[in-house]
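Keeping their order, the protein sequence lines are chains A and B. Each residue of the first sequence is one higher than the last, beginning at 770 in our numbering. Each residue of the second sequence is one higher than the last, beginning at 3 in our numbering.
If you're looking for bench data, these hints aren't it; they were derived computationally from the structure. One thing to keep in mind: the hints can contain errors.
Claimed, not checked - When the alpha-carbon atoms are kept at most 16 Å apart in a straight line, the in silico EDC-like pairs for lysine to aspartate or glutamate are as follows: (1) Lys-771(A) with Glu-847(A); (2) Lys-275(B) with Glu-1039(A); (3) Lys-364(B) with Glu-392(B); (4) Lys-775(A) with Glu-847(A); (5) Lys-471(B) with Glu-142(B); (6) Lys-1037(A) with Glu-396(B); (7) Lys-1006(A) with Glu-253(B); (8) Lys-131(B) with Glu-30(B); (9) Lys-781(A) with Asp-909(A); (10) Lys-969(A) with Glu-1027(A); (11) Lys-799(A) with Asp-227(B); (12) Lys-44(B) with Asp-57(B); (13) Lys-356(B) with Glu-1027(A); (14) Lys-969(A) with Asp-941(A); (15) Lys-949(A) with Glu-923(A); (16) Lys-1009(A) with Glu-253(B).
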Amino acid sequence: MKIIDKKELIRKDPLRITQLRIIAPLIAQKARPGQFVVVIPTATGERIPLTIVESDKETGTITLIFQHAGYSTGKLGELGIGETVFSLAGPLGTPTQIKKFGRILIIGGGVGIAEVYPVTRALKHIGNQITTIIGARSQDLFILRKELQGLSDEFFATTDDGSTGEKGLVTDVLLRLLEKNHNNTPYHLAYAVGPVAMMKKVTEITERYSLKTIVSLNALMVDATGMCGCCRVTVDKETKFACIDGPEFDAHLVDWDELFQRSKMYEKKEKHICNLQRIADSGKRIE
Amino acid sequence: MKETIHPQEIAPQQRIKDFNEVVGLYTEEEALAEAARCLQCKNPTCSEGCPVGIDIKKFIFQITRKEYAQAYLTIRQKNNFPSICGRVCPAEYQCRRACVLTKKGEPFASKNAINIHFLERFLGDYGIKNTIDVPIRQQEHLKRCKVAVVGSGPAGLCCAGELARQGVQVTVFESLHRAGGVLCYGIPPFRLPVDILDVEIEYIKKLGVEIITDSIIGQIKTIPDLWDEGYSAIFLGLGAGVPTFLGIPGENLCNVYSANEFLTRVNLMNAYKFPHYATPVNIGKQMVVIGGGNTAMDAARVALRLQSIAGYAPSVKILYRRTEIEMPARRLEIHHAREEGIQFEFLTQPVAFKGSQGYIEKAICQRCELGVPDSSGRRRPLAIAGSEFEIPCEGAILAVGLKANQVLLRVTPELSTDTHGDITVDPDSMQTSIPGVYAGGDIVGGEGTVIEAMGMAKKAARAILEYLKK
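From just these sequences and the hints, can you work out the full model?
What follows is the structure in structure tokens.
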């Protein structure tokens, strides 16, 4: 559980994305693409679910990439090389089905790009043809761009400001690719991870073209072993637990609005604890 | 006959401000006076009411002789955790109901019945305070045997302790970051203080048991992996932790919680100390809790304390579809809940939750009447048509039952389960359908009590010792 490597992939306030490599031989041994771990940064911390981006059986390490999205991920980002996370459990969740589908569209947005990466690698490795579309706000806000490009037969990057790749959203490219082959999509599967709004938009588009789409959901979780139901999502009108039934589901069956609402459940508390932290930090600076 | 002696309690208005233990410990005088009330029946019935058959008459007699250490050991012969059971056992349905002072045919103990549980706790805490060690008989031939215990709840800890005392090398695998299972995530500290649980866990470790937390068996290791690692037998104390939902509209609105989530946030993750602890929990000015068991009482009393800490006037309603007499909760918890200001709406069930912007605002409820008894022997509640009414609430907690934990079962199809999804075992040995794999606790019987789980664990431990001889 010791951190042996740390990289600040992006530090352009307010966006910060950090990569940690942590010693966890047993998890590294068992982890499969699509699975996640639960990390508690410090003794007073929360349980944070994070995708296993890479696992190396030989060195017994796993790699995690996360955005400093709130208080707890911020705390995790404060830990340095040589320090130990308070708790680390996994691998959790049902692994991705890795088999030969044919042509696969991979869509990643924001820090979701870190989550599509291990899946893309496995799907490519088994012989699928990969078309990747990733998006960020600006050219210097991409993670794993080179790595994903290297795995892709076709590759598209979009930015909100047009500073690199195409100006626009990943869903613009997706729509164009699907429109091009109207009624006769050459793709056999889409796999998308990103903000809920992005995944919802992807779903709306691929549904029109009857393209089977898998998404990995970042529902809020506590124990992440099926014991609390915090992560419940409605899939095909049935309540499922993202932690053990997922985190991947058929995108066309997910109740996106409910997921979006539930993901906001602690916004007020989050704001409060972040404000307190900011006050504490500014106090430190004055000293 | 003298009046029963009740230990001191923190006054309701005081105790709802924090999570400190409500019920105090008997003083020596109180324990002696209560023990003196015992009739020392020639043919005592109380022990028959105890799932592990503690010699109650004997330990009470030893208290009257002030032989506290011996009395402690009398309990320890049958019960590994008297401090815990003395606090959480539903004694009024068990030993106290079987006490000769309980009137015949009563659904639970009469008020006059001996307070066996308070005496047990008195001795349990005495044993801890004076570090009375139970004789250990480690057998040479067992020291080479390794046994894996999955789950560190009451069943797992008990089985581990039983085996370790005989010399077996035991490793306990716990999926959460803290040991204790439901004793840790489920039961609030005002009923079972964390330090009492810690003492019991430390004791188990002192016996040589290794407890590995953050270790989710079924994900990080499977049963075949454990055989490969040289374990000769496995005990599964997986527990029943999967919350049941009602399947009614609006159940996934924000601030509708399963009791397990609500209690885990507060008990395990210390959400009541937010923001010092980072895990949040949302508490509304008006809360409803659905259910009639101990979990419902715990959730309601936790909610009330959180309201009090947040500066709200306490407003928690328990909705139960039967009446008070059918509530499976401990009578003491119902009493404490009522004293603290929790309101009860009996013969009431929610049929939907409604809200706006994704957050719950009210529970749509229906009145019920009781029909003929169902499979549980309790009269079945029947909804009264046209009786719908609304209860405004900013939060709802569902405490309507728990099912078997799934993670290991899903990857172990060879493990036979019943229609409820619980593991099936040979009732004499607690052996599962896989030779060398035993099970006990809620994963076998469904939701039960701590002492029942321990009873099964002890039986399994005996069978495992036999199995290891072979």
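Going down the list of hints, with the structure as the test:
no., hint, result
1, Lys-771(A) with Glu-847(A), "holds, 14 Å"
2, Lys-275(B) with Glu-1039(A), "holds, 14 Å"
3, Lys-364(B) with Glu-392(B), "holds, 6 Å"
4, Lys-775(A) with Glu-847(A), "holds, 10 Å"
5, Lys-471(B) with Glu-142(B), "holds, 12 Å"
6, Lys-1037(A) with Glu-396(B), "holds, 15 Å"
7, Lys-1006(A) with Glu-253(B), "holds, 12 Å"
8, Lys-131(B) with Glu-30(B), "holds, 14 Å"
9, Lys-781(A) with Asp-909(A), "holds, 9 Å"
10, Lys-969(A) with Glu-1027(A), "holds, 11 Å"
11, Lys-799(A) with Asp-227(B), "holds, 11 Å"
12, Lys-44(B) with Asp-57(B), "holds, 13 Å"
13, Lys-356(B) with Glu-1027(A), "holds, 14 Å"
14, Lys-969(A) with Asp-941(A), "holds, 13 Å"
15, Lys-949(A) with Glu-923(A), "holds, 15 Å"
16, Lys-1009(A) with Glu-253(B), "holds, 12 Å"
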